[in-house]
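Participant: Chain order of the listed sequences is A and B.
Counting from 1, one number per residue, gives the positions in the first sequence under the working numbering.
Counting from 1, one number per residue, gives the positions in the second sequence under the working numbering.
In short, the hints are calculated from the structure, not lab data.
In this text, all values refer to a predicted model and were calculated from it rather than measured experimentally.
Be aware that a few hints might be false.
To be verified - Just a sample of chain A residues kept apart from chain B, beta carbon distances all over 10 angstroms, derived: (1) Asn17; (2) Pro18; (3) Tyr25; (4) Ser26; (5) Asp54; (6) Glu66; (7) Gln71; (8) Ser84; (9) Ala87; (10) Ser112; (11) Val113; (12) Pro115.
What the hints assert, rightly or not - Restraint-style ranges between C-beta atoms, simulated for each label pair: (13) A/Gly29 to B/Ala2: 23 to 31 angstroms; (14) B/Thr22 to A/Gln45: 15 to 23 angstroms; (15) A/Ser84 to B/Lys18: 38 to 46 angstroms; (16) A/Lys77 to B/Thr112: 36 to 44 angstroms; (17) B/Lys18 to A/Glu15: 42 to 50 angstroms; (18) A/Gln71 to B/Val54: 32 to 40 angstroms; (19) B/Thr112 to A/Tyr39: 19 to 27 angstroms; (20) B/Gln3 to A/Pro40: 18 to 26 angstroms; (21) B/Ser67 to A/Pro7: 34 to 42 angstroms; (22) A/Ser3 to B/Glu70: 32 to 40 angstroms; (23) B/Thr102 to A/Tyr39: 15 to 23 angstroms; (24) B/Gly98 to A/Asn17: 33 to 41 angstroms; (25) B/Ser82 to A/Ser28: 29 to 37 angstroms; (26) B/Gln3 to A/Ser80: 25 to 33 angstroms.
Said to hold, decoys possible - Derived lysine to any residue pairs resembling SDA-like cross-links, with alpha carbons at most 20 angstroms apart: (27) B/Lys71 to B/Gln3; (28) B/Lys71 to B/Asn51; (29) A/Lys58 to B/Asn101; (30) A/Lys69 to A/Thr24; (31) A/Lys49 to B/Tyr104; (32) A/Lys49 to B/Thr102; (33) A/Lys49 to A/Pro79; (34) A/Lys22 to A/Tyr39; (35) A/Lys69 to B/Gly100; (36) A/Lys49 to B/Ser96; (37) B/Lys18 to B/Gly63; (38) B/Lys57 to B/Asn84; (39) B/Lys65 to B/Ile77; (40) B/Lys57 to A/Ser3.
Glycine included, every Cβ here is placed at the ideal spot set by N, Cα and C.
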Amino acid sequence: AQSVAQPEDQVNVAEGNPLTVKCTYSVSGNPYLFWYVQYPNRGLQFLLKYITGDNLVKGSYGFEAEFNKSQTSFHLKKPSALVSDSALYFCAVRDTDNYGQNFVFGPGTRLSVLP
Amino acid sequence: EAQVTQNPRYLITVTGKKLTVTCSQNMNHEYMSWYRQDPGLGLRQIYYSMNVEVTDKGDVPEGYKVSRKEKRNFPLILESPSPNQTSLYFCASSLSLGPGNTIYFGEGSWLTVV
Chain A
1 AQSVAQPEDQ VNVAEGNPLT VKCTYSVSGN PYLFWYVQYP NRGLQFLLKY ITGDNLVKGS
61 YGFEAEFNKS QTSFHLKKPS ALVSDSALYF CAVRDTDNYG QNFVFGPGTR LSVLP
Chain B
1 EAQVTQNPRY LITVTGKKLT VTCSQNMNHE YMSWYRQDPG LGLRQIYYSM NVEVTDKGDV
61 PEGYKVSRKE KRNFPLILES PSPNQTSLYF CASSLSLGPG NTIYFGEGSW LTVV
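Build out the structure end to end from the sequences listed, making use of the hints.
Facilitator: Encoded structure:
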């Protein structure tokens, strides 16, 4: 069965510094990987996805993510964090062998960007 | 504007009183789904629907019902709510079951069962 892990409950970073939110996955087929962000009292918003091709994926709000097949990872990154990036971030995977199960989400990582 | 709309956004109800959370999407999406979000557990799928009149259980279907009589609507029904169903609920949709399709979420419905 597919699964997603986000090993950090909380990530703190100073404004202007680079940020990384980690995600690892397990699937039986090929992974389709997604990052979503949730601001307080809001629904989840799509940031970016990896389907195939270039391992570095660029998304909304200056975020990017790097797919690493050997490490089964899909870490979210941003070169320079903003206070407004503070939110809850979810990694999700869809497995090409089991896509009837739709998305499997990680537990979420709360990002706090300190001014 | 393309969106997924849920109602109500906030609800406090009593144990055993049937309630329905409505969900509607205006993107002509085939696939719709319900999730609940609980602290430390992320999002867990309750039910999903691949098209009209086609529904299936997700990971945590107990205590819930759904129906898909029209393509745009996918209501979530709690026949006899219990306190352990207090949660934040999200409706979502995507164009189809194709794995590369992005899923779009509603704004969420906060449900408290006392």
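Participant: Run every hint past the structure and note whether it holds.
Facilitator: Going through the hints against the structure:
1. The beta carbon of A/Asn17 sits about 26 angstroms from the closest Cβ of chain B, which is more than 10 angstroms, so the claim that it is off the interface holds.
2. For A/Pro18, the non-interface assignment is confirmed: its Cβ lies about 25 angstroms from the closest Cβ of chain B, beyond the 10 angstroms cut-off.
3. Listed as a non-interface residue, A/Tyr25 keeps its Cβ farther than 10 angstroms from every Cβ of chain B; the least gap is roughly 13 angstroms.
4. Against chain B, the non-interface label of A/Ser26 holds: every CB pair exceeds 10 angstroms, the least being about 15 angstroms.
5. In this structure A/Asp54 is separated from chain B by more than 10 angstroms, as the shortest Cβ-Cβ distance comes to about 15 angstroms.
6. Taking the minimum C-beta to C-beta distance to chain B, about 18 angstroms, the non-interface status of A/Glu66 holds against the 10 angstroms cut.
7. Against the 10 angstroms criterion, A/Gln71 stays outside the reach of chain B, whose nearest CB is about 21 angstroms from its own CB.
8. Against chain B, the non-interface label of A/Ser84 holds: every CB pair exceeds 10 angstroms, the least being about 19 angstroms.
9. Every C-beta of chain B lies more than 10 angstroms from that of A/Ala87, the closest at about 14 angstroms, which supports listing it as non-interface.
10. Its beta-carbon lying about 16 angstroms from the closest one in chain B, A/Ser112 satisfies the requirement of being farther than 10 angstroms from that chain.
11. Every CB of chain B is more than 10 angstroms from the CB of A/Val113 (nearest about 21 angstroms), matching its label as outside the interface.
12. Every CB of chain B is more than 10 angstroms from the CB of A/Pro115 (nearest about 26 angstroms), matching its label as outside the interface.
13. In this structure, A/Gly29 and B/Ala2 meet the distance hint of 23 to 31 angstroms, their C-beta atoms being roughly 29 angstroms apart.
14. Here the CB-CB span from B/Thr22 to A/Gln45 is close to 21 angstroms, well matched to the stated 15 to 23 angstroms.
15. Remark: the range hint 38 to 46 angstroms for A/Ser84 to B/Lys18 is upheld by a beta-carbon distance near 41 angstroms.
16. Checked against the hint of 36 to 44 angstroms, the pair A/Lys77 and B/Thr112 passes, with Cβ atoms roughly 37 angstroms apart.
17. At about 48 angstroms, the CB distance of B/Lys18 to A/Glu15 agrees with the hint of 42 to 50 angstroms.
18. The given range of 32 to 40 angstroms is respected by A/Gln71 and B/Val54, whose C-beta atoms sit roughly 37 angstroms from each other.
19. Remark: the range hint 19 to 27 angstroms for B/Thr112 to A/Tyr39 is upheld by a beta-carbon distance near 21 angstroms.
20. Restraint check, B/Gln3 to A/Pro40: a C-beta distance of roughly 19 angstroms satisfies the suggested window 18 to 26 angstroms.
21. Checking the proposed 34 to 42 angstroms range against B/Ser67 and A/Pro7 shows it holds: the Cβ atoms sit about 39 angstroms from each other.
22. For the pair A/Ser3 and B/Glu70, the supplied restraint of 32 to 40 angstroms holds, since their beta-carbon distance comes to about 34 angstroms.
23. A hinted range of 15 to 23 angstroms holds for the C-beta pair B/Thr102 and A/Tyr39, which are about 18 angstroms apart.
24. Checked against the given bound of 33 to 41 angstroms, the beta carbons of B/Gly98 and A/Asn17, roughly 38 angstroms apart, stay inside it.
25. In this structure the supplied range 29 to 37 angstroms holds for B/Ser82 paired with A/Ser28, their Cβ-Cβ distance being about 35 angstroms.
26. The supplied range of 25 to 33 angstroms is met by B/Gln3 and A/Ser80, whose beta-carbon atoms lie about 31 angstroms from each other.
27. A C-alpha spacing of about 14 angstroms is found between B/Lys71 and B/Gln3, which places the hinted pair at or below 20 angstroms, so the restraint holds.
28. A hinted pair counts as satisfied when its Cα atoms are at most 20 angstroms apart, and B/Lys71 with B/Asn51 qualifies at roughly 7 angstroms.
29. Taking the CA atoms of A/Lys58 and B/Asn101, the gap is about 17 angstroms. The hint holds against a cut of 20 angstroms.
30. For the hint linking A/Lys69 to A/Thr24, the alpha-carbon distance of about 10 angstroms falls within 20 angstroms, and the restraint holds.
31. Note on A/Lys49 and B/Tyr104: the hinted pairing holds, with a Cα-Cα distance of about 13 angstroms set against a maximum of 20 angstroms.
32. Proximity of A/Lys49 to B/Thr102 is assessed by CA-CA distance (about 8 angstroms); at most 20 angstroms being required, the pair is judged to hold.
33. The hinted pair formed by A/Lys49 and A/Pro79 meets the criterion: a straight-line CA distance of about 18 angstroms does not exceed 20 angstroms.
34. As the CA atoms of A/Lys22 and A/Tyr39 are separated by approximately 18 angstroms, the hinted pair is consistent with the 20 angstroms bound.
35. The suggested pairing of A/Lys69 with B/Gly100 holds, with an alpha-carbon distance near 17 angstroms, which does not exceed 20 angstroms.
36. At roughly 16 angstroms between alpha-carbon atoms, A/Lys49 and B/Ser96 fall within 20 angstroms of each other, so this suggested pair holds.
37. Restraint check for B/Lys18 and B/Gly63: the C-alpha separation of about 11 angstroms stays at or below 20 angstroms, so the hint holds.
38. Between B/Lys57 and B/Asn84 the CA atoms are separated by roughly 19 angstroms; this keeps the pair inside 20 angstroms, and the hint holds.
39. For the hint linking B/Lys65 to B/Ile77, the alpha-carbon distance of about 5 angstroms falls within 20 angstroms, and the restraint holds.
40. At most 20 angstroms may separate the alpha-carbon atoms for a hinted pair to count; B/Lys57 and A/Ser3 meet this at roughly 18 angstroms.
Checked against the numbered hints given earlier, this structure breaks none of them.
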